[in-house]
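Peer 1: Spelled out from the first residue to the last, the chains are:
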Amino acid sequence: MTAAVVQLWLIVILALWALAGLWSLRPGSRVPLGLAMVGAAGLWALIAALWLALERPPLRTLGETRLWYGALIVTIGLLVEWRFALGVVRLPMLVLAGLFLSLDVVAPDTLDRTLMPALHSPWFVPHVAAYLTAYALLGLSAITTGVGLVRGRQDPSAPLLLAWLGLPMLTVGMILGAIWAKQAWGHYWAWDPKETWALLTWITYVAVLHHAHPERCRPRTALWLLAIAFTVVLLCWFAVQHLPSVAVSVHTYTQG
Amino acid sequence: MTIDRRPSTVDRQQFWSFPWRLPQAGVAIGGVVAIGWLVQVVRPTLQLRLPGAPWNAVVVVVPLVLIALLYGWSCARKRTGVLEQLSRAPAAIVALLCLALAAAPIAIWPQGVAAPGWLAQIGLAHCLTALPFVLSLVAVLLVLVLVTVRRVVEREAGWARFLLLHAGLIWLLVAAAAGTGSLRQGRITLRIGDGPGVAAHSAEGVVHHLSVGLLLTHFRLDRFPPRLLVAGSDGAAAMSEHFLGDGATVIAGGVTATVQEWLPAAAVVEGVAWPYGSPEANPAAKVHLDLPGGDSVSGWIHAPSLVGGALTVTLPDGRIAGMELPRPRRFAATVRVVDADGVHEPVEVLVNRPLKAAGWWFYLLDYDTRLGAASDTVVLEAVEDRALPAVWLGLALVLLGALAHLVQARTLVGTWSSLGSPSCTRPAVPRSAHRPKAAECNSAIPEEACP
Chain A
1 MTAAVVQLWL IVILALWALA GLWSLRPGSR VPLGLAMVGA AGLWALIAAL WLALERPPLR
61 TLGETRLWYG ALIVTIGLLV EWRFALGVVR LPMLVLAGLF LSLDVVAPDT LDRTLMPALH
121 SPWFVPHVAA YLTAYALLGL SAITTGVGLV RGRQDPSAPL LLAWLGLPML TVGMILGAIW
181 AKQAWGHYWA WDPKETWALL TWITYVAVLH HAHPERCRPR TALWLLAIAF TVVLLCWFAV
241 QHLPSVAVSV HTYTQG
Chain B
1 MTIDRRPSTV DRQQFWSFPW RLPQAGVAIG GVVAIGWLVQ VVRPTLQLRL PGAPWNAVVV
61 VVPLVLIALL YGWSCARKRT GVLEQLSRAP AAIVALLCLA LAAAPIAIWP QGVAAPGWLA
121 QIGLAHCLTA LPFVLSLVAV LLVLVLVTVR RVVEREAGWA RFLLLHAGLI WLLVAAAAGT
181 GSLRQGRITL RIGDGPGVAA HSAEGVVHHL SVGLLLTHFR LDRFPPRLLV AGSDGAAAMS
241 EHFLGDGATV IAGGVTATVQ EWLPAAAVVE GVAWPYGSPE ANPAAKVHLD LPGGDSVSGW
301 IHAPSLVGGA LTVTLPDGRI AGMELPRPRR FAATVRVVDA DGVHEPVEVL VNRPLKAAGW
361 WFYLLDYDTR LGAASDTVVL EAVEDRALPA VWLGLALVLL GALAHLVQAR TLVGTWSSLG
421 SPSCTRPAVP RSAHRPKAAE CNSAIPEEAC P
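As given, the protein sequences belong to chains A and B, one line each in that order. Numbered continuously in my numbering, the first sequence closes out at residue 256. Numbered continuously in my numbering, the second sequence closes out at residue 451.
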């Protein structure tokens, strides 16, 4: 397994999803669904292959988390589409997942078998996976929100449902992280900047979802609040490494 | 004729009429927190800390219980008042946003001694004990208690799921907040050959005397093999994907390196690598390097260590090929616990596998990275947290409550419209200042579908 092989694999998946996205503009065909599923399966296979090749969970670098994110967005998007008949998520999920995978094609990681001692824990995968699942759900919520705002729709139900699914996963991720932190460093909550940003993200979504109710809020306001809330997710995920507080954080991603 | 535009008493009464919405909650709760911000800026050295056990529990728990009982009695008698408004969503939203704002400095700037000077001058170098944070946390707890009591008394739909999550949050926050008063923690440095470490030093300079001693007998550091590093004069560096080793072939930056000789541990004397079987020694490798243009060169590479400087090979294209410092895979400290019963058998302490002794937990944090595998010093974090079982219970309740909300997420969305079918939203319960307008309906939606 080399970085070039990973790049090629991702290009094939992106091609499948691009085809699925274009084909889905013609309603009534099942081909886009099949292409999306094949692409997702291929991406999960890539993640599994990386796990075997690197002899560690491929969750250490930003590039590796983007792979999981793309896979989770499409997988969860397909599940949500099937379970709740939300066809509106199909195209946005492919766009969002494709965007993240494209970053890995343009700026590929160097495959790195090393894993720092603190990450040798059974809590590593559940904690990060829970967060990525939450981010996938909130990302789908954000993108359907964007579509709704652009198209002038007045129905925030779909984005809100996705956010209501994402918030409990944020909670699960935080709790798993607290358990792991206690085992590794002796403190379930140390107000590390990343932890604090995670808390701010959680508080933002709790506040937004408490307000986004038909008795308290207009539909368009709910959509705008969801859009603003997702910016906090992006700050937590990407921007924290560029803030002054990163000097005292133990949650710094490494670039492969 | 002049028109008196001052808000009249009637206007103020109407503003505060029930039920409160965000503006009213914002003034009530946000106003108090804002005063806290002002006081903190004026008195930057003001810090609020909880007392030790048992007074920490008294200070935190007793007022909340009294408020809960008072409000429960009020709910049962169907009386409404300010407490009832504080149990509603607008109050919760404002309290949460106040807490987020109070915690934001922690997320952006370092705290404590590393905090910027200007941050300390406005009293935000220790946000967790600053007045805005404390007031916001009190507001959140108060709202949580009130809303939980109301939902339980009124048995609204989904109250069981609600109780699980929100009671769990109350329990968790109270246990964590009260627990800080009785928490004892500090760093303890152990060195091989020294006497038992019996004291832990906190970041605030407090010395905690342990009821046991720890003797460090051995330190072990497992490292990953090194990788090939190719660096250009512009600072750009490429690392091989595979490790160097005996007979290995790796590629970095377009350069193919074949290992011709491998020394697992080497010392370097006058630019020559020699086998040296010592923990602090790094590997050395004689490599044959092939460049894309057909050029090739050979030489020794070695990462710097205490027993030898770096060895590198200059490539024909001007780049430098070298060896990265081997990265740590796992490190462990073997310690013996010393107590009134004597010296116990050796126990290995690793990251993610702490040691428990006499009510204290010892977590392996660090070692002397200059010496690497030859380190004779380790740093442990000693923690005694009597509130931990209560915190675990709170986390478990919150986890179950979150999963219950996940399963029933669809019921939480609210009746905007039928999911999956385009329709105009039903207008919200009309507020006195707003009537839904026809223009708010999507033009693609049939008019008869719109109210």
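Quick caveat, the hints were computed from the structure, so don't treat them as lab data. Ideal placement from N, C-alpha and C gives every residue a C-beta, glycine not left out. Check each hint, because a few of them may be wrong.
[What the hints assert, rightly or not] To spell it out: a stretch of chain B is covered by chain A in this simulated footprint if at least three of its residues, at any positions, have a beta carbon under 8 Å from a beta carbon of chain A; those stretches are:
1) 54-62
2) 278-292
3) 310-318
4) 325-339
5) 354-367
6) 391-401
[Stated by the list, open to error] Now the stretches of chain B that chain A is said to cover, found in silico as 3 or more residues with beta-carbon under 8 Å:
7) 25-39
8) 199-210
[Unchecked claim] Simulated DEER-style distance windows between Cβ atoms:
9) B/346 x A/190: 45 to 55 Å
10) A/118 x B/288: 34 to 44 Å
11) B/189 x A/51: 20 to 30 Å
12) A/18 x B/277: 17 to 27 Å
Peer 1: Taking each numbered hint in turn, which are not upheld by the structure, reported in ascending numerical order?
Peer 2: 1, 2, 3, 7, 8, 9, 11, 12
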